Amino acid sequence: MLILSRRDVVELLTLETCIDAVERAFGLHAQQRTFGPRVLGLPTEDGGFHIKIAGLRGERNYFAAKTNGNFPNNPPRFGLPTIQGTVVLADATNGTPLAVMDSGSITMLRTAAATAVAAKYLARSDSHTATVVGCGVQGEIQLAAIKTVLPLRRVLMIDTDHARAEDAASRATTRLGLRAEAAKDLRAALRESDVCVTCTPSRRAYVMAGDIPPGTFIGAVGADSEGKQE
Numbered sequence: 002m003l004i005l006s007r008r009d010v011v012e013l014l015t016l017e018t019c020i021d022a023v024e025r026a027f028g029l030h031a032q033q034r035t036f037g038p039r040v041l042g043l044p045t046e047d048g049g050f051h052i053k054i055a056g057l058r059g060e061r062n063y064f065a066a067k068t069n070g071n072f073p074n075n076p077p078r079f080g081l082p083t084i085q086g087t088v089v090l091a092d093a094t095n096g097t098p099l100a101v102m103d104s105g106s107i108t109m110l111r112t113a114a115a116t117a118v119a120a121k122y123l124a125r126s127d128s129h130t131a132t133v134v135g136c137g138v139q140g141e142i143q144l145a146a147i148k149t150v151l152p153l154r155r156v157l158m159i160d161t162d163h164a165r166a167e168d169a170a171s172r173a174t175t176r177l178g179l180r181a182e183a184a185k186d187l188r189a190a191l192r193e194s195d196v197c198v199t200c201t202p203s204r205r206a207y208v209m210a211g212d213i214p215p216g217t218f219i220g221a222v223g224a225d226s227e228g229k230q231e
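For the sequence shown, this note's numbering gives the first residue as 2, with consecutive numbering after it.
To be clear, the hints were calculated from the coordinates, so they are not data collected in a lab.
This list has only true hints and no planted wrong ones.
With a cut-off of at most 25 Å between alpha-carbon atoms, the simulated PhoX-like pairs for lysine-lysine come out as follows:
1) Lys185 / Lys229
2) Lys229 / Lys67
3) Lys67 / Lys53
4) Lys53 / Lys229
Computed from a predicted model, the values in this text were never measured in an experiment.
Given these sequences and hints, build the entire structure.
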């Protein structure tokens, strides 16, 4: 049985490979070759836990269970990642455990890959300007993923911490070759954007229908459980 740490996963799993795997998984799901119950969520005072279980029927049958803790205040309070947990992979034909893996790195890549696959098929193919709301690790990897499937040239980074948005914009220029800037006016940014991705834990809607130009692709990544709104 493999045991893969966060470092192992980062070294082995590229964003491009993950996007390809997620796209194939969506196709298998459409063919009803996947199975699994609804997500189990357990909120706590400072965050919460998600337990996700799924399986795949194919040339080889797989079962996976992911237990994630999501605690947004971890970085400033404890110097720890927001998301921590494990993924257990097993052979669904005989139950043999195959791997135990760090879930934080897998979750970051898979979440970004899912948005990229959606953008590939639902965004306009000539989309060149994006707005990213929420400039944490997930916001930055979302941008990198979308850039692999769309001809992005410019990005507007928005965060309640403007300094963090400025830092993220600088990295987007250096690492992705984009014209990037930190913005403060979301409504104005939306008017200039073909794509908007939100990566926040908000429980109050802030992207309003009247502010979204026709044809804009919206990826509401942070609104991943009951009570959340972006």
